[in-house]
Amino acid sequence: MKAKIHVTLKQGILDPQGKAIEHALDSLGFKNVANVRVGKYMELDLDQNDRAKAEAEVKGMCEKLLANTIIEEYRYELQG
Amino acid sequence: MKIGIVVFPGSNCDHDCEHVFKDVLGQDVTMIWHKETSLAGVDAIILPGGFSYGDYLRTGAIARFSPVMNAVKEFASGGGLVLGICNGFQILLEAGLLPGTMLRNKSLHFICRETCIKVENAATPFTNVCRSGQVLKIPIAHADGNYYTDPVTLAGLQANAQIIFRYSTADGKVTPEACPNGSLDNIAGIRNAEGNVLGMMPHPERCAESILGNEDGRTILLSMVEEIRKA
Numbered sequence: 456m457k458a459k460i461h462v463t464l465k466q467g468i469l470d471p472q473g474k475a476i477e478h479a480l481d482s483l484g485f486k487n488v489a490n491v492r493v494g495k496y497m498e499l500d501l502d503q504n505d506r507a508k509a510e511a512e513v514k515g516m517c518e519k520l521l522a523n524t525i526i527e528e529y530r531y532e533l534q535g
Numbered sequence: 394m395k396i397g398i399v400v401f402p403g404s405n406c407d408h409d410c411e412h413v414f415k416d417v418l419g420q421d422v423t424m425i426w427h428k429e430t431s432l433a434g435v436d437a438i439i440l441p442g443g444f445s446y447g448d449y450l451r452t453g454a455i456a457r458f459s460p461v462m463n464a465v466k467e468f469a470s471g472g473g474l475v476l477g478i479c480n481g482f483q484i485l486l487e488a489g490l491l492p493g494t495m496l497r498n499k500s501l502h503f504i505c506r507e508t509c510i511k512v513e514n515a516a517t518p519f520t521n522v523c524r525s526g527q528v529l530k531i532p533i534a535h536a537d538g539n540y541y542t543d544p545v546t547l548a549g550l551q552a553n554a555q556i557i558f559r560y561s562t563a564d565g566k567v568t569p570e571a572c573p574n575g576s577l578d579n580i581a582g583i584r585n586a587e588g589n590v591l592g593m594m595p596h597p598e599r600c601a602e603s604i605l606g607n608e609d610g611r612t613i614l615l616s617m618v619e620e621i622r623k624a
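Protein chains in written order, with this note's numbering: chain A, 456 to 535; chain B, 394 to 624.
Hints were generated in silico from the structure; no laboratory data involved. Every value quoted in this text rests on a predicted model; they were computed, and no experiment measured them. Do not take every clue at face value.
Claimed, not checked - Partial pick of chain B residues on the chain A-facing surface, computed with a CB cut under 7 Å: (1) 451; (2) 494; (3) 497; (4) 501; (5) 559.
Stated by the list, open to error - In silico lysine to any residue, SDA-like type, Cα no more than 20 Å apart, as pairs: (6) 499(B) to 487(A); (7) 395(B) to 420(B); (8) 499(B) to 476(A); (9) 474(A) to 487(A); (10) 474(A) to 577(B); (11) 459(A) to 487(A).
Unchecked claim - If you anchor each label on the Cβ, the simulated ranges turn out as follows: (12) 622(B) to 476(A): 49 to 55 Å; (13) 534(A) to 527(B): 36 to 42 Å; (14) 486(A) to 423(B): 57 to 63 Å.
We put the beta carbon where it would ideally sit given N, CA and C, even for glycine.
Okay, chain A solo, but in the shape it has when bound:
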């Protein structure tokens, strides 16, 4: 089973990278852009066919390591 995991900053947390990209887009003429947020995307293969178990494992990984839940939130999709 494949897990696709997105980790992004929570709303309200300053994202200086997002701001820099927003300014760059603006200076390139993309004038209708707002609220750029930068996050991380991770993919991993899981040796697990039971969907519920796979979900519990991925959730555990996110809580323990992949996201810092003080400032970040995560979502994931399981495929296969």
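Here the structure of chain A is known, so what remains is to put chain B in place on it, guided by the hints.
Just chain B now, with coordinates in the frame of chain A:
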């Protein structure tokens, strides 16, 4: 007295810390590889600066799971003195030994320069040879030093005098302009509620002897030595 300095893969200020404690302050030092599971009877632990695990994922996020960190947690919960400098501070945050986390610097730049920090609390094991309100000139060198925590935790830090160092002007004014990285409340260093664990972004080990033109950092490391001597 024996000072233990933890060495993670990617630590790069470990030998600076060793030099100051050994050659400047005349103490025994033992280097502790991160795979160790025991701290071998040390009196204090230093988590040095650097780029443990290449700062992959988040600063300190992987180092906090190094085997030695269980022993460090045990040592801290028994009241042992733990100082985390720069990346060491980031590891303490990820490990939950100190509250909050670091965001990327507001400017997005890696900042390497001297800063002024104000000693907000001189009644700690890390500042006992300082005066309250004293301004120390200590360099920073980081990309992720923008301290962040939720408003309730911040209020707790303020109420319990856990904010030990704030970025300030040379004459001790804590202003937004004096903050190099965007840290909440100009935070440069905090301690835990019990008072025995300190994390700070500036590098005291880089300015601890007169030949370098600045000895201000010596006061912090000397405070630890004095504290252990008293005990």
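We went through each hint and held it up to the structure:
Here the hint on residue 451(B) is kept, as its CB sits about 6 Å from the closest CB of chain A, short of 7 Å. A least Cβ separation of about 5 Å between residue 494(B) and chain A falls short of the 7 Å threshold, and the interface hint therefore holds. With its C-beta approaching chain A no nearer than about 5 Å, residue 497(B) sits inside the 7 Å limit, and its interface hint holds. At its closest, the beta carbon of residue 501(B) sits 5 Å from a beta carbon of chain A; the interface hint therefore holds under the 7 Å criterion.
Nearest Cβ of chain A to the Cβ of residue 559(B): about 19 Å, over the 7 Å cut. The hint is violated. Of the pairs offered as hints, the one joining residue 499(B) and residue 487(A) is violated, with about 24 Å between alpha carbons and a cut-off of 20 Å exceeded. As the CA atoms of residue 395(B) and residue 420(B) are separated by approximately 7 Å, the hinted pair is consistent with the 20 Å bound. Restraint check for residue 499(B) and residue 476(A): the C-alpha separation of about 14 Å stays at or below 20 Å, so the hint holds.
In summary, the hint linking residue 474(A) to residue 487(A) is supported, as the alpha carbons are separated by about 14 Å, within the 20 Å threshold. Between residue 474(A) and residue 577(B), the direct Cα distance comes to roughly 18 Å. Compliance with the 20 Å bound is thereby established for this hinted pair. A threshold of 20 Å between alpha carbons decides the hint, and for residue 459(A) with residue 487(A) the separation of about 29 Å lies outside it, so the pair is violated. Distance hint check for residue 622(B) and residue 476(A): the Cβ-Cβ separation is about 52 Å, which falls inside the suggested range of 49 to 55 Å.
Separated by about 58 Å at the C-beta atoms, residue 534(A) and residue 527(B) break the suggested range of 36 to 42 Å. In this structure the supplied range 57 to 63 Å holds for residue 486(A) paired with residue 423(B), their Cβ-Cβ distance being about 60 Å.
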